[in-house]
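Following the hints, position chain B against chain A.
Here are the chains, one letter per residue:
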Amino acid sequence: TQLLEQSPQFLSIQEGENLTVYCNSSSVFSSLQWYRQEPGEGPVLLVTVVTGGEVKKLKRLTFQFGDARKDSSLHITAAQPGDTGLYLCAGSGDSWGKLQFGAGTQVVVTP
Amino acid sequence: NAGVTQTPKFQVLKTGQSMTLQCAQDMNHNSMYWYRQDPGMGLRLIYYSASEGTTDKGEVPNGYNVSRLNKREFSLRLESAAPSQTSVYFCASRRGPTYNEQFFGPGTRLTVL
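Chains as they are written, first to last, in our numbering: chain A, 1 to 111; chain B, 112 to 224.
These are computed hints drawn from the structure, not numbers from a lab. Incorrect hints may have been included.
The following residues of chain B were derived to be distant from chain A, with all beta-carbon distances above 10 Å [claimed, not checked]:
| hint | residue |
| --- | --- |
| 1 | Asn139 |
| 2 | Lys182 |
| 3 | Ser195 |
| 4 | Gln196 |
No farther apart than 25 Å at their CA atoms in a straight line, the calculated lysine-lysine pairs in the PhoX-like style are these [said to hold, decoys possible]:
| hint | chain 1 | residue 1 | chain 2 | residue 2 |
| --- | --- | --- | --- | --- |
| 5 | B | Lys168 | A | Lys98 |
| 6 | A | Lys70 | A | Lys98 |
| 7 | A | Lys98 | A | Lys56 |
| 8 | B | Lys182 | B | Lys120 |
| 9 | A | Lys56 | A | Lys70 |
| 10 | A | Lys98 | B | Lys182 |
Even glycine gets a Cβ: it sits at the ideal position worked out from N, Cα and C.
For reference, chain B alone in the conformation it holds in the complex:
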């Protein structure tokens, strides 16, 4: 089992460019999450998907869109990147409502110039 995988690991964008961060899990988990981590601020929830076919906003959704492509995959899209979106992005998954543990991917380090 690979667990949660994320691509790419690193990315540099210019302001205004778009890109999609990919996330996949092979644990048959129902729920998936996207977080961003900034120095001194911990992890903040961007979007989540409680189950296949549903998505909802988290704490900091502005400037992002998501797609739950199927049960395995949950992608995060930046339509017009801004320097404020420079961050490390983590995808996570959870088995379901009665399970607390979230399993995190290795992260994508994004720099927007």
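Chain A on its own, in the form it takes in the complex:
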């Protein structure tokens, strides 16, 4: 079983601050996805990274896939209260779409 470890488990910051969430594994993944989940809802995909060293930007969110395709990070610049949620990384190692999820990072952004 491939294990994905996320850190930190919980982040509480003020509006306007920056934050970084990490996702690490000892295994190689063919692709890695980041999801965001709000209370009472299912996860929603933010981004998929597939190439080692890849960097993707979505407005104030920057996603990076490690060169060896074992780790990833999510950086949020100038966080806003609307960024509050549970951020989950998920790795895929096969074509069946089976995902291995990290435990998640709960982010709280206060005004």
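Chain B in isolation, oriented as in the chain A frame:
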């Protein structure tokens, strides 16, 4: 489009009772998945169906059975519920092998007493 729908939203069972969780998607997706989410453990795959007519075990299949009724519907059955199956259950679908994104339903919160 409703996307992925799940019923019921909430359920309380007594130990030993059985029930079926229903999932349907209207996106004409080929693959469907069942996950459970427990505090501090992320989502874990129970069963999946790569295409209509096929099902396979995921990471935590014990105590569960599934049926891919047709392309739209994928149900999860608990034959004899146990307190360890208290969890939030999510169904998801994916278009096919070359598409990474999974679309999730709103979840079913199940409590087994």
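Going through the hints against the structure:
With a minimum CB-CB distance of about 16 Å to chain A, Asn139/B clears the 10 Å threshold, and the non-interface call stands. Against chain A, the non-interface label of Lys182/B holds: every CB pair exceeds 10 Å, the least being about 16 Å. The Cβ of Ser195/B lies farther than 10 Å from every Cβ of chain A, with a closest approach of about 18 Å, so its non-interface assignment holds. With a closest Cβ-Cβ approach of about 19 Å to chain A, Gln196/B is found to remain outside the 10 Å limit, as its non-interface label requires.
Taking the CA atoms of Lys168/B and Lys98/A, the gap is near 10 Å; set against the 25 Å cutoff, the hint holds. In summary, the hint linking Lys70/A to Lys98/A is supported, as the alpha carbons are separated by about 17 Å, within the 25 Å threshold. For a cut-off of 25 Å, the pair hint linking Lys98/A to Lys56/A stands: about 23 Å separates their Cα positions. For the given pair, Lys182/B sits about 22 Å from Lys120/B by alpha-carbon distance, which is consistent with the 25 Å threshold.
Between Lys56/A and Lys70/A, the direct Cα distance comes to roughly 16 Å. Compliance with the 25 Å bound is thereby established for this hinted pair. Proposed proximity of Lys98/A and Lys182/B is supported: the alpha carbons are some 18 Å apart, at most 25 Å.
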